[in-house]
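Chain by chain, the residues:
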Amino acid sequence: MSTVKKFMYVNRHAPYGSIYALEGLEVVLIGAAFDQDCCMAFIDDGVFQLVKGQDSSASGMKNFSPTYRALGDYEVTRLYVEKESLMERGLTKSDLMELTYEDEDDDWAEKPSIQIVERSELGRLMEEQDVLLNF
Amino acid sequence: MSTVKKFMYVNRHAPYGSIYALEGLEVVLIGAAFDQDCCMAFIDDGVFQLVKGQDSSASGMKNFSPTYRALGDYEVTRLYVEKESLMERGLTKSDLMELTYEDEDDDWAEKPSIQIVERSELGRLMEEQDVLLNF
Amino acid sequence: MLHTVNKSPFDKNSLKTCLSHSLKDSDILLIEDGVYGAIKDSAMSGDIEKALTDRKIYVLESDIKARGIDSSRLVQGVAIVDYGGFVELAASNDRVQSWL
Amino acid sequence: MLHTVNKSPFDKNSLKTCLSHSLKDSDILLIEDGVYGAIKDSAMSGDIEKALTDRKIYVLESDIKARGIDSSRLVQGVAIVDYGGFVELAASNDRVQSWL
Amino acid sequence: MIFSIMVSEGPYTHQASDSAYQFTKAALDAGHEIFRIFFYHDGVNNGTRMTTPPQDDRNIVDRWSELAKAHDLDMVVCVAAAQRRGIVDVDEAKRHGKDGDNIAEGFRISGLGQLIEAGVKSDRLMQFGD
Amino acid sequence: MIFSIMVSEGPYTHQASDSAYQFTKAALDAGHEIFRIFFYHDGVNNGTRMTTPPQDDRNIVDRWSELAKAHDLDMVVCVAAAQRRGIVDVDEAKRHGKDGDNIAEGFRISGLGQLIEAGVKSDRLMQFGD
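Sequences listed follow chains A, B, C, D, E and F, in order. Read in order, the letters of the first sequence are residues 1397 to 1531 in my numbering. Read in order, the letters of the second sequence are residues 1397 to 1531 in my numbering. Read in order, the letters of the third sequence are residues 474 to 573 in my numbering. Read in order, the letters of the fourth sequence are residues 474 to 573 in my numbering. Read in order, the letters of the fifth sequence are residues 4 to 133 in my numbering. Read in order, the letters of the sixth sequence are residues 4 to 133 in my numbering.
Bound-form chain A, shown alone (with noise of 0.2 Å):
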């Protein structure tokens, strides 16, 4: 497959509550190999992925959200949180995990993986891939 296509991975639900969030990042984890250009949006519930401290052990589910951080390892380095989505959830910024990749065009510097876009970007940022997937 020499095609190189644009996907972006919609992420819309809470983890726990439904499977939807672990299942699709199971997709983005596996679509990694196949050299596509490849980002994650979070926008409504899905900005509820990325809280830190979650610790799932009392109620027994697995806890996936270390895996977010192997997204970077993954050359997954675009995740674009919806501003908005956060505000009316009363998170900021600073509630979620921080997460990284080492840019080799920048001679391995660490670099944050999320970035925080406004709705109106995501909009466009949508109009630019070849496939949307959602979860």
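Watch out, some of these pointers could steer you wrong.
Here are some, though not all, of the chain E residues that point toward chain D, as calculated from beta-carbon distances under 10 Å [stated by the list, open to error]:
no., residue
1, Met9
2, Ser11
3, Gln18
4, Gln25
5, Asp32
6, Ala33
7, Met129
Pairs of lysine to aspartate or glutamate residues, derived as EDC-like cross-links and limited to a Cα-Cα distance of at most 20 Å, are as follows [stated by the list, open to error]:
no., chain 1, residue 1, chain 2, residue 2
8, C, Lys497, A, Asp1526
9, A, Lys1479, A, Glu1514
10, D, Lys513, A, Glu1484
Stretch-level coverage of chain E by chain F, calculated; a stretch enters the list once three of its residues show a Cβ under 8 Å from a Cβ in chain F [claimed, not checked]:
no., region
11, 43-54
12, 76-89
The set of hints was computed from the structure by calculation and includes no laboratory data. Please read these numbers as outputs of a predicted model, since none were measured by experiment. In this text, a Cβ means the ideal position worked out from N, Cα and C, and glycines have one as well.
Once you have looked at the hints, place chains B, C, D, E and F on chain A.
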């Protein structure tokens, strides 16, 4: 089972998009055989279940709306439909099926099963129940 | 770009989110319980009317019929398509976003 | 009467519907994604504060922990219970309504 | 006090089955009686023995089977809901000409009347769903 | 034009599977090619041969199998999602020590890479879910 309990079946889902309305109705019909004191509430999108003129033939799904007409024969005679839920959805009572029952205490006179009630009244009706089942 | 919405806007936020992210000239197709969003004189109809000024909104015929919604009850300007029309919309737009 | 809500109020209408149907002195327990409704300074927190004037609102401890919500982030007056407390609330109230 | 539990969603996809399990355990720990656990809608999918979840995750089906065994719980899968979704025991397989069954240990298939009976005979019927 | 279809919910519970089926038929009728139909999340439950829906209702699983046969469609059930939910073919049954399989005709179990490949090789990837 000599105990008579008050059951309320609370319907908050639209039909067809998901199966809750249809499978909820199956519970009501079975429940009617148990000689309990039962009623149904239609709140939020649940009011869409009672809209007349449903025709699912082109969609390939089963049209189960005629089953609501059988409720009277099963002695399910109180269908509380929330006024505010209808209004928010651009509906009036005239959009709903005409559902009736024959009142054995009144010389089998045919009477309407649907009662349009206000939200505050529904909250009070809920407090009178023993068992509330949600579909 | 084609946006599809399959949820009732009275139950979930999918239609609101779709309307706030879709750009002008977008095609928006309401399917399944999403078709309830196109009923006129509802709590959502103002948002639909506003979106119709610069976007096209469609409802799937078999889904409005199943739900007993006569075409006369739709917000003026909403277009009705069948599954063939759905396929055409998906083919004629460069990309598709499903607001689930 | 005990009301439980398991949906995020930013996604679905369950909490709003619960608040508009519950009478005063009701107990309202937020579980699963419902616990997001108790975060302070959100678009929902005003509704929660208002409800707290005549109703009790609880969140399930294991569900806020799973989601990384520290107790300091909850609207003041919301109480935290574990599953044992959930069972007690269900037993001490005469009836239970699950707003799904 | 006598509780019954209704589970309306399948394992893993929604948290409902987890919440129902935790509630059931806590009710038993507090000395309450569990009259019945009724699986309806996609909840019937809790009753298949064919799952193999990832090793670092909980095994929801086995967990139910073990709890039922330890406390002699009555776990009922609704027959009509199970037919739509493909959960079958030996009898159902025979009746519908299926070449095998998939129900897990501790679950039995029966009718909706069992749900109503649970409502009548229990002090509280707790519902966990989507 | 080349389409692929992703189905994210099981049969009957949500309309997603119906919508995906109707769309696939309409796309075929219009002369388009279907590269693949990928079943993910609860969508894997479309691929069990153990269902017996009421006689006056559609048979969703059989309908998929028949469409696949008539048009030589590639219907893939995600292996990871299937393991969580108990959909197994003969190989999976052997691998995990299950005493039977339940996959329906025309479906095959494979990895998530098949979904990405569908995205890459199709002009449009249509998603139907909850």
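Cross-check of the supplied hints:
no., hint, result
1, Met9, "holds (9 Å)"
2, Ser11, "holds (8 Å)"
3, Gln18, "holds (5 Å)"
4, Gln25, "holds (5 Å)"
5, Asp32, "holds (7 Å)"
6, Ala33, "holds (5 Å)"
7, Met129, "holds (6 Å)"
8, Lys497/C - Asp1526/A, "holds (19 Å)"
9, Lys1479/A - Glu1514/A, "holds (5 Å)"
10, Lys513/D - Glu1484/A, "holds (10 Å)"
11, 43-54, "holds (count 7)"
12, 76-89, "holds (count 5)"
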